[in-house]
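*Asks:* Please take these sequences and the hints and turn them into a complete structure.
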Amino acid sequence: MIEEQSIVKVGMADLNVVMRSGIIRTVGLGSCIGLTMYDPQLKVAGMAHVMLPSSDIAREGQLNIAKYADTALPALLDKLVELGASPSRIVAKMAGGSQMFAFAGTGDTMRIGPRNVESCKLKLAELHIPLIAEDTGGNYGRTIELDASTGILYIRSVQTGVKEM
Amino acid sequence: MDVFKHFKEFKMDVLKEVGNIGAGNAATALSRLLNKPVDMAVPKVQLLPFEEISEKVGGAEQVVIAIFLRVEGDAPGNLFFILSPEAAKSLLKRLVGIHPEADGLFNEMELSALSEIGNILAGSYLSSLADFTKLSMSPTVPALAMDMAGAILSYGLLQFGQMGDDALLIDTTFLEGDHEVEGQFFLIPDPDSFAKIFQSLGVPVDHD
Numbered sequence: 001m002i003e004e005q006s007i008v009k010v011g012m013a014d015l016n017v018v019m020r021s022g023i024i025r026t027v028g029l030g031s032c033i034g035l036t037m038y039d040p041q042l043k044v045a046g047m048a049h050v051m052l053p054s055s056d057i058a059r060e061g062q063l064n065i066a067k068y069a070d071t072a073l074p075a076l077l078d079k080l081v082e083l084g085a086s087p088s089r090i091v092a093k094m095a096g097g098s099q100m101f102a103f104a105g106t107g108d109t110m111r112i113g114p115r116n117v118e119s120c121k122l123k124l125a126e127l128h129i130p131l132i133a134e135d136t137g138g139n140y141g142r143t144i145e146l147d148a149s150t151g152i153l154y155i156r157s158v159q160t161g162v163k164e165m
Numbered sequence: 001m002d003v004f005k006h007f008k009e010f011k012m013d014v015l016k017e018v019g020n021i022g023a024g025n026a027a028t029a030l031s032r033l034l035n036k037p038v039d040m041a042v043p044k045v046q047l048l049p050f051e052e053i054s055e056k057v058g059g060a061e062q063v064v065i066a067i068f069l070r071v072e073g074d075a076p077g078n079l080f081f082i083l084s085p086e087a088a089k090s091l092l093k094r095l096v097g098i099h100p101e102a103d104g105l106f107n108e109m110e111l112s113a114l115s116e117i118g119n120i121l122a123g124s125y126l127s128s129l130a131d132f133t134k135l136s137m138s139p140t141v142p143a144l145a146m147d148m149a150g151a152i153l154s155y156g157l158l159q160f161g162q163m164g165d166d167a168l169l170i171d172t173t174f175l176e177g178d179h180e181v182e183g184q185f186f187l188i189p190d191p192d193s194f195a196k197i198f199q200s201l202g203v204p205v206d207h208d
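Chains as they are written, first to last, in UniProt numbering: chain X, 1 to 165; chain Z, 1 to 208.
Please note: incorrect hints may appear among the correct ones.
Estimated spans, in silico, between C-beta atoms of each pair [said to hold, decoys possible]:
{"hint": "1", "chain 1": "X", "residue 1": "Gln159", "chain 2": "Z", "residue 2": "Pro49", "range": "25 to 33 Å"}
{"hint": "2", "chain 1": "X", "residue 1": "Ile57", "chain 2": "Z", "residue 2": "Pro49", "range": "15 to 23 Å"}
{"hint": "3", "chain 1": "Z", "residue 1": "Arg94", "chain 2": "X", "residue 2": "Val162", "range": "30 to 38 Å"}
{"hint": "4", "chain 1": "X", "residue 1": "Ser6", "chain 2": "Z", "residue 2": "Ser200", "range": "46 to 54 Å"}
{"hint": "5", "chain 1": "X", "residue 1": "Ser86", "chain 2": "Z", "residue 2": "Val42", "range": "52 to 60 Å"}
{"hint": "6", "chain 1": "X", "residue 1": "Leu122", "chain 2": "Z", "residue 2": "Asp39", "range": "48 to 56 Å"}
{"hint": "7", "chain 1": "X", "residue 1": "Ser6", "chain 2": "Z", "residue 2": "Lys134", "range": "54 to 62 Å"}
{"hint": "8", "chain 1": "Z", "residue 1": "Lys93", "chain 2": "X", "residue 2": "Glu82", "range": "55 to 63 Å"}
{"hint": "9", "chain 1": "X", "residue 1": "Leu63", "chain 2": "Z", "residue 2": "Leu47", "range": "18 to 26 Å"}
{"hint": "10", "chain 1": "X", "residue 1": "Gly61", "chain 2": "Z", "residue 2": "Ser127", "range": "31 to 39 Å"}
{"hint": "11", "chain 1": "Z", "residue 1": "Gln46", "chain 2": "X", "residue 2": "Ile57", "range": "22 to 30 Å"}
{"hint": "12", "chain 1": "X", "residue 1": "Ser6", "chain 2": "Z", "residue 2": "Ala195", "range": "43 to 51 Å"}
{"hint": "13", "chain 1": "Z", "residue 1": "Val141", "chain 2": "X", "residue 2": "Gln159", "range": "18 to 26 Å"}
{"hint": "14", "chain 1": "Z", "residue 1": "Lys36", "chain 2": "X", "residue 2": "Gln62", "range": "48 to 56 Å"}
Covered by chain X, according to a simulated footprint, are these stretches of chain Z (three or more residues, beta-carbon under 8 Å) [claimed, not checked]:
{"hint": "15", "region": "50-60"}
{"hint": "16", "region": "134-148"}
Source of the hints: derived by calculation from the structure; they are not laboratory data. Bear in mind the structure is a predicted one, so any value in this text is a computation, not a measurement. Backbone N, C-alpha and C define an ideal beta-carbon position, used for all residues, glycine too.
*Replies:* Written out as structure tokens, the structure reads:
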């Protein structure tokens with residue numbers, strides 16, 4: 001039986017959700033984080049492509065909540081709950097947060113990957129969502145895909161190919 | 001962000017000239033290295049959504065070689081020199097007589113040679129720009145990466161990220177006579193740097 005799978009794309013500083021047989025993906029994560037939340041019982045999956053650690057530094061008029069770890073994670077959780085997911089069942093996975101360029105002088109901007117990772121973990125703890133898998137750090141880019149029917153996260157990189165978690 | 005949307009045509013022209021001067025000098029440097037003429041396209045200056053920036057080099061997942069340097073000083077920003085792996089191979093072959101393996105991977109020496117070539121080109125881009133604007137612009141040590149374009153370019157967007165979802169990009173493509181070596185320069189000045197660049201070039205800032 002061939003089942004039609006819908007693929008939902010999540011852009012940079014964007015978030016979205018998919019249900020049951022759908023796949024949700026985001027491409028070219030560098031220092032950004034691809035954070036997924038999943039309710040295994042309802043098979044609802046959500047993904048956020050987080051770019052910056054905290055909205056405190058925002059200077060934009062209209063805040064794009066999907067861009068910052070501290071605003072994107074609660075927003076993603078709300079979206080899942082709206083679809084009927086139960087916060088007590090939701091589990092998180094994340095990938096990205098690498099440091100693509102290693103400089104001698106490592107200013108704050110250059111450490112943005114690790115800071116994004118820290119900030120996401122902090123927010124997950126605050127929201128009482130367990131982080132069950134992560135593939136973060138390193139100095140390479142990642143493309144990730146979450147299959148809503150299984151909850152498996154596929155991570156592809158140029159050097160190491162595809163891995164599942 | 002709206003500030004950038006309302007840049008008058010002539011301001012865009014000024015930024016094009018910035019790209020022209022920088023890339024022009026880099027092209028001259030490359031042409032001397034190759035001992036061959038190198039052509040340059042008219043620079044494009046565009047305010048683009050983050051997503052579309054990597055489309056300019058073939059999409060967020062396209063593997064590219066990038067030499068990145070952060071510009072510090074009066075007008076901070078990010079400068080990328082981007083090559084396809086094929087163009088990089090061709091450069092290596094012509095400049096240093098290295099023939100990389102066909103599997104698309106580069107060894108340490110090849111990467112180091114590429115990094116040095118990128119360093120020379122990016123350095124000449126930046127120094128001519130600093131001369132032209134009379135602003136102090138000092139580059140960090142260049143770093144080289146070969147990876148997905150989206151992952152690499154997102155580094156240049158962090159400063160714009162705090163202000164909105166678009167970035168203003170000065171994009172200049174150059175190609176060697178027979179089109180075997182094609183490269184792109186992306187200059188992404190920090191949002192606050194534009195006023196300084198305009199000011200130093202005598203463009204009125206406050207009357208957009």
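*Asks:* Would you mind marking each hint as holding or not holding in the structure?
*Replies:* For each hint, the structure was consulted:
no.: 1; hint: X:Gln159 with Z:Pro49: 25 to 33 Å; result: holds, 29 Å
no.: 2; hint: X:Ile57 with Z:Pro49: 15 to 23 Å; result: holds, 20 Å
no.: 3; hint: Z:Arg94 with X:Val162: 30 to 38 Å; result: holds, 35 Å
no.: 4; hint: X:Ser6 with Z:Ser200: 46 to 54 Å; result: holds, 52 Å
no.: 5; hint: X:Ser86 with Z:Val42: 52 to 60 Å; result: holds, 57 Å
no.: 6; hint: X:Leu122 with Z:Asp39: 48 to 56 Å; result: holds, 51 Å
no.: 7; hint: X:Ser6 with Z:Lys134: 54 to 62 Å; result: holds, 55 Å
no.: 8; hint: Z:Lys93 with X:Glu82: 55 to 63 Å; result: holds, 57 Å
no.: 9; hint: X:Leu63 with Z:Leu47: 18 to 26 Å; result: holds, 19 Å
no.: 10; hint: X:Gly61 with Z:Ser127: 31 to 39 Å; result: holds, 37 Å
no.: 11; hint: Z:Gln46 with X:Ile57: 22 to 30 Å; result: holds, 25 Å
no.: 12; hint: X:Ser6 with Z:Ala195: 43 to 51 Å; result: holds, 45 Å
no.: 13; hint: Z:Val141 with X:Gln159: 18 to 26 Å; result: holds, 23 Å
no.: 14; hint: Z:Lys36 with X:Gln62: 48 to 56 Å; result: holds, 50 Å
no.: 15; hint: 50-60; result: holds (count 5)
no.: 16; hint: 134-148; result: holds (count 7)
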